Amino acid sequence: MGNAESAAAIATAVATVLPSVVALVKALAAKTNPTDPPPTDAQVLAAFAATCTQSLAADDAWLAAHPATPPPAPPAG
Amino acid sequence: MRRTLCVVLLLALTACAPVPAPLSPEAQAAFHATRVVKVLDVVRDAAIAANETLPPVISTASTREVVLWHKTAVQTIQAVPNGWRDTVRAGLYRLTCDVRAGTGPCEPRLSPTEVQRLTPYVGLALVIMDEVK
Chain D
653 MGNAESAAAI
663 ATAVATVLPS
673 VVALVKALAA
683 KTNPTDPPPT
693 DAQVLAAFAA
703 TCTQSLAADD
713 AWLAAHPATP
723 PPAPPAG
Chain E
277 MRRTLCVVLL
287 LALTACAPVP
297 APLSPEAQAA
307 FHATRVVKVL
317 DVVRDAAIAA
327 NETLPPVIST
337 ASTREVVLWH
347 KTAVQTIQAV
357 PNGWRDTVRA
367 GLYRLTCDVR
377 AGTGPCEPRL
387 SPTEVQRLTP
397 YVGLALVIMD
407 EVK
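For the record, the sequence lines run as chains D and E. Counting the first sequence from 1 gives a position; my numbering is that position plus 652. Counting the second sequence from 1 gives a position; my numbering is that position plus 276.
If we strip away everything but chain D, and leave its shape as in the complex, we get:
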């Protein structure tokens, strides 16, 4: 592979990855914005309760969609 092809490949890779990197940096910057008011106790407790509820609901949904198969019945006679 020549230098020009290598440079083109690198440029393509950077162009592909760069938007994701920029989005991640923006997300992290927004998350740590010092002007954001810190969450209150009530908000943290509500988020915890909601997370647990959603998590358990997903468990129940999967278990309902995949019922345990009963053991095979013994042969008659």
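Possibly wrong hints are sitting among the right ones.
[To be verified] Just a few of them, taken from the derived set where beta-carbon distance is under 8 Å, the chain E residues facing chain D:
id, residue
1, P298
2, L299
3, S300
4, A303
5, A306
6, A309
7, T310
8, D317
9, I324
10, T336
11, R340
12, V343
13, K347
14, V350
15, Q354
16, P357
[Stated by the list, open to error] Label pairs and their calculated CB-CB ranges:
id, chain 1, residue 1, chain 2, residue 2, range
17, D, S658, E, C382, 48 to 58 Å
18, D, I662, E, T379, 44 to 54 Å
19, E, G378, D, A694, 33 to 43 Å
20, E, C382, D, D712, 24 to 34 Å
21, E, P396, D, A699, 24 to 34 Å
22, E, P384, D, I662, 45 to 55 Å
23, E, P388, D, A656, 42 to 52 Å
24, D, A656, E, C382, 52 to 62 Å
25, D, E657, E, P381, 56 to 66 Å
26, E, D362, D, T692, 21 to 31 Å
27, E, G380, D, E657, 26 to 36 Å
28, E, C382, D, P727, 16 to 26 Å
29, E, P301, D, H718, 33 to 43 Å
Because the hints were derived from the structure by calculation, they are not lab data. None of the values given here were measured: they were computed from a predicted structure. In this text, a Cβ means the ideal position worked out from N, Cα and C, and glycines have one as well.
For chain D, the structure is supplied; the task is to place chain E on it using the hints.
The following block gives chain E in isolation, referenced to the frame of chain D:
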């Protein structure tokens, strides 16, 4: 695969977030417990995703074991947000027999291949459980 890696990376980054300063001890425990529930979700979701492949990498019976373990763990955390650690670690050890989670006799509930499939996610869960106070 790429999506899973992104989720793991973002989860790891957010799991290291410091607790907001003016929270009560109860809210601080809930803050950490929320992150642990989310990483346990990743373990469960990885098992479910592996069960949905053709052919399944993890059997439906084993996925059921993982989902039932996850449900018990989350119920424990929900009931005792500041005292779940030993119980959840012991449950993870009983599920996987992973030496990073515990010691002592252990009857494997999953096949070695299935455990190997979940090892990165179990490791991440253990790291985050150790990180939170």
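These are the hints, each one checked on the structure:
no., hint, result
1, P298, "6 Å, holds"
2, L299, "6 Å, holds"
3, S300, "5 Å, holds"
4, A303, "4 Å, holds"
5, A306, "4 Å, holds"
6, A309, "6 Å, holds"
7, T310, "5 Å, holds"
8, D317, "5 Å, holds"
9, I324, "6 Å, holds"
10, T336, "6 Å, holds"
11, R340, "6 Å, holds"
12, V343, "5 Å, holds"
13, K347, "4 Å, holds"
14, V350, "5 Å, holds"
15, Q354, "4 Å, holds"
16, P357, "7 Å, holds"
17, D:S658 with E:C382: 48 to 58 Å, "51 Å, holds"
18, D:I662 with E:T379: 44 to 54 Å, "49 Å, holds"
19, E:G378 with D:A694: 33 to 43 Å, "36 Å, holds"
20, E:C382 with D:D712: 24 to 34 Å, "27 Å, holds"
21, E:P396 with D:A699: 24 to 34 Å, "26 Å, holds"
22, E:P384 with D:I662: 45 to 55 Å, "47 Å, holds"
23, E:P388 with D:A656: 42 to 52 Å, "49 Å, holds"
24, D:A656 with E:C382: 52 to 62 Å, "58 Å, holds"
25, D:E657 with E:P381: 56 to 66 Å, "59 Å, holds"
26, E:D362 with D:T692: 21 to 31 Å, "30 Å, holds"
27, E:G380 with D:E657: 26 to 36 Å, "58 Å, violated"
28, E:C382 with D:P727: 16 to 26 Å, "35 Å, violated"
29, E:P301 with D:H718: 33 to 43 Å, "39 Å, holds"
The earlier numbered hints that this structure contradicts are 27 and 28.
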